[in-house]
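There are 2 protein chains.
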Amino acid sequence: MNQTGGVSLVQTNRSTEENFLLYIREMTHLQEVLNLLFWDTRTGAPKNGLELRAEAVGTISAKKFAMSISTEMKAFIDELTQCNNFQELSPITRKALEHAKKEYELHTKIPMEEYKEYVIVRENASKAWEVAKKESDYSIFQPHLEKLVTYNKRFITYWGYQGNPYNALLDLQNPGMTVDILDRVFATLKKKLISLLNRVKEAKGKPTTTFLFERFSIAKQRDLNRYLLKELGYDFDRGRLDETVHPFAMELNRNDVRITTRYDEFDFKSGLFGTIHEFGHALYELNISDELIGTPLCNGTSAGIHESQSLFWEKMIGLNKNFWKRFYPALKQYNPDQFNGVEIDEFYRAINSVQPSFIRVEADELTYPLHVILRYEIEKGLFNNEIELSDLPDLWNQKMEEYLGITPDNHEKGVLQDMHWSAGMFGLFPSYALGYLYAAQFRSVMLKDLIEFDHFVENANFIPIREWLAQTIHVHGKMKEPNDLLLEVTGEELNPDHLIAYLEQKYGEIYNLESES
Amino acid sequence: MNQTGGVSLVQTNRSTEENFLLYIREMTHLQEVLNLLFWDTRTGAPKNGLELRAEAVGTISAKKFAMSISTEMKAFIDELTQCNNFQELSPITRKALEHAKKEYELHTKIPMEEYKEYVIVRENASKAWEVAKKESDYSIFQPHLEKLVTYNKRFITYWGYQGNPYNALLDLQNPGMTVDILDRVFATLKKKLISLLNRVKEAKGKPTTTFLFERFSIAKQRDLNRYLLKELGYDFDRGRLDETVHPFAMELNRNDVRITTRYDEFDFKSGLFGTIHEFGHALYELNISDELIGTPLCNGTSAGIHESQSLFWEKMIGLNKNFWKRFYPALKQYNPDQFNGVEIDEFYRAINSVQPSFIRVEADELTYPLHVILRYEIEKGLFNNEIELSDLPDLWNQKMEEYLGITPDNHEKGVLQDMHWSAGMFGLFPSYALGYLYAAQFRSVMLKDLIEFDHFVENANFIPIREWLAQTIHVHGKMKEPNDLLLEVTGEELNPDHLIAYLEQKYGEIYNLESES
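Which chain is which? The protein sequence lines are R and X, in order. Each step along the first sequence adds one to the number in my numbering, with nothing skipped, and position 35 is 35. Each step along the second sequence adds one to the number in my numbering, with nothing skipped, and position 489 is 489.
Just so you know, the hints here were simulated from the structure itself, not pulled from any lab data. Check the hints yourself; a few may be wrong.
Computed cross-link-like contacts, PhoX-like style, restricted to lysine-lysine with a CA-CA straight-line distance of at most 20 Å [claimed, not checked]:
| # | chain 1 | residue 1 | chain 2 | residue 2 |
| --- | --- | --- | --- | --- |
| 1 | R | K269 | R | K206 |
| 2 | X | K325 | X | K269 |
| 3 | R | K413 | R | K127 |
| 4 | R | K134 | R | K153 |
| 5 | X | K220 | R | K64 |
| 6 | R | K47 | X | K192 |
| 7 | R | K102 | R | K153 |
| 8 | R | K220 | X | K220 |
| 9 | R | K64 | R | K102 |
| 10 | R | K230 | X | K47 |
| 11 | X | K325 | X | K506 |
| 12 | R | K109 | R | K47 |
From a predicted model like this one, the values you see are computed outputs, not experimental measurements.
From just these sequences and the hints, can you work out the full model?
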C-alpha cells in the first residue's frame, strides 16, 4: 500500500499501461462517490446535514482533481504518449490517455490561484443572481456577469482555441463543436422555425388543453411512471426512480443509472414526460460497452448527443401518436375522471399544443430551439466583444419579440431566467438545441433501418428501437467523438433539414396546415 | 494543491496542530462517504450495480486506511506527542491525537502481507459459514474458524495486551473492557438471571400473545413508526427513516444520522421496537458536542455504551407500562381490528412475554444476556486455549441447556447461528450484554435526577429524558473513555445489581412472582 493515499493500486511489477488503467479506474470510483453524494443530496438527504456534506464533497472533488494533475498522471502521459509506446497501447487505453491528457491540460493551464479566485467570483455571482432574479433587477447581476465573462475570456487564452474564441467554451461539453457549424445550422433552423411557428399561430382550431390540468393524485402518478418505465424497458435491477426538485438521470456505475422526476398534482405531463426524458439519458449510460467500465470513456460522448437520446424518447416516442394509441387506455385507468370523454385525437393534439412562452424550460418542441438560439447568439456576441453587457436585457427582449412574437414584461422572465451564466456555464446552451437536431437526424436513419418503427411503437415493442440505439450510438461511449459518430451513423454532417422536416410534418398535421410551397 | 491527493488541505503556513486537524477532518469526510455507500447499498441501490460499487468502497477504504498510516500521519504523531508540544495542544487535539496514534499502531503492527492473507481467509470463512449454516454442518465451518482464530491470536501478539490475551479483542470495540471486569459481572448476572428465569417459567398465568401476530398493513406500520419517531423527538431535518433487511442507524455527519428498520406484516413489534432501538443509537450521535465535528471523537465512545442508548429507548421506554398508557390508544388507531377488546394490561404483558428460545436476535430482555454470556465464555476459552474447536457444538448445546433449559436440535440454530465469527469479529458479543448493564446503571441515576420520570413517559414529554442523556452521556462523544464515563455518571464501576433489580422488579410484577427472600 502506497502511503500517500493517491495511488494505492499502482504497483511497480505491472506495466505502465496497466498502472495507468488502475489509476484512472480509481478516478472513476471517486466519480461514482461524487455522483452518489449528488444524488443523495437531491433525493432526500436531511437538510441540516448539507453544510457538513458540502465539506465531504469538497474533499472528494479535490482528491479527484489532484489525481488528474498529479506527478503520477504527468508521468503516465509523458511515458505513454511517446510514439512507440503509444502504438502498442490498446485502442481503449489510447483514447483514455487522450482524455486524461486533455483534462490534465484543462486543469493545469489555469494558474491555481486564479482558479480559486474564480470559484469565489462564481459563488458570489450565484448569490447575486438569486437576488437579482427575485427583484427582477438586472443591474444587481451585471457586475458579477462581467467578472465571470472576463475570467472565462482569460481561461480561453490559457487554453487556446481554433477559429472563434467561443469555440473553446463550446468544446468543453461538445467536443469538436464550433461557431462555424452552429452559425450555419442555426441560421436555417431559425428561419424555418419562425416561419412554421407563424403558420401555427394563424391556424384555425387550436387544441383544447384545459383537461390536461385536472387533479391526478401523486400516488397514482408514481404508479403510472413506474409502469411506463417498465414498458419502455428500464431495468429496475440497474436503476431506481426517485423524486427531486430539478430532475436528472445519474450514472453511478455502468450497472446503476438512476432516474429522478417530480410530480405536479395538477399537471401529470410534467412528471410523465420528465421521466421519459430521463429514461432516455439513463438508457444511453446503461448500454455503453462493458469494455469501457473503469475508464472515463464509459459515459455519453457529449452533452448534445446525450440530449438527443433523452429528447428522442421524450418527444419522438412519448409525444408520438402511435405511442398513445397503445398507452392512452392505460393512462385513462390511472385517472379515469380526467380523461372521460376525451378522444385520443383530442388528447394527442393537446399534449402537442404549441404556445410561445417566456420560460425556456416550459417551452414546447417547436419553440424550444428558438430559446436556445437566442442564448447562443448572445453568448457568442459576448465572447467576441460584439455585445455590451449593459445591452443584454434589451437585446434579449428584442430577440424574443423577433423569434417568438412575445416580449417579457420583466427581467425575471427574461434575461435573468436561467441559472447557467451565474454558475459560469457558457457554451452549454447549444447542447439543448443540438439534442433536437441530432435526434431528428438519427431518427431519419432509424426509420430506414426499422421500417416497422410505427408498428413497434404502437405495440410497445421497444426492443428493436433500444437495440438500434444501443448498437449504433450508445455502445461507443466516449470512444467516438460526437462529430465522427454523427457522420458514421448518418453519413452526413450536422443537417437541420431532418429536424425541420420532422416538425413541419408533425405540426402540419396537428394544426391542419397547408404545405408550404 | 498537493499533488498526491492525500493532504490537499494541509498547508505549510499553518501550525502543525492546525494541519493535523485538517488532515483528520479529511479522514472524517472519507468516513462519511463510506457510511453513505453502506447506507445506500442497504436501502435500495440496484442490485446489478453492487459488484462495481464494491470497487468504489474498496478504493475509498484504501484511501482512508492509507491516510491513517501515512508518513504525514507518522510525522504528526511524532511531532505533536513530544512533551512540550503535547502540553500546548487543545484537549480535543490531544484526545484526537491519542485516537490517531492508537489507530496507527493497530494498522501498522500487523505486517501488510499477513493482513491481506487474513482478508482472504475471512472472505472464504464467510462463504463457508453460509454453506455450513444452510446444511447445519459445523464440520464445513470448523477449519475456517480455526484459521480465523489462529490469525487473531497472532494479531494479539503483535498488538500486545495486558492481563488476558482476549483483552486485546475486547478493547477493539470497548476500550478498557477486560476479562476481569466481565468475569466478575457476568458471574453474578448469570446466576441471578437463571434463577429469575426459572421462577418465570414456573409462574401461573402466562401472557396471551397470539393477538400480537395478526395482520398489520405495512403502509400503516410506516405511518405508525414515523409518528412514534416524531413523538420521541427524532428530527427529520437531521435524519430519515428507510427500510432494509438488517436494520441499523448510520451517522453520515453530526447533523445527518439515519435510521433503518424492517416491517413484518404479521409482527408489527419487529418494526416498531427495531425503530425505537435505532432511534436510541441515532440520538446518541445527534447529541455529540459540535466542538468534536471533524474529528474521530464525534461518535459514540464504545459499542457497549452505544448499545446502552438503543436498549434504554427500546426496552426501558418502549417496553415501559407508562409509555403504553400514553401510546396504546394511538397504536389501536393504526390497526383497530387487531387490538379490539385487548386491554392495556394484556397488551403490556404480551409484549413483555418471556420465552427461552434458540436465536439470540429474537430473544427477550430477560434471556438475551444469557445468550451473550454463553458466547463470551466460548470466545474467552478459545483465546486462552482452554477450548478445542471440535468441542464447540457440544459446549454450545450444554450451555444452552444449563442457562435457558433448551437444547437446539441442529447447529444452524446452535453454534452456527451468528455471522460474527465468520467475519472475524471476536470480542464484540459482550457489547450487547454490556448495553443492558450500562443502560440499567445509567437509569438508576436518571431516576434519582428525574423524579418525575414515570410522569414524563406517560405524558410523552421526552425532553427532560433526552436532555439528561445528551448532557450526561451523549455530548462527550469519544472525549471520555467508557469506564471513565460510567464512573463519572454513576459513581461506581460496572455493577450488575442495577440490571438485576430492574428485571426482578419488572418481571416480578408481570408474572406475579413472590419476591425472592
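* In rising order, the numbers of the hints this structure does not comply with -> 4, 5, 6 and 12
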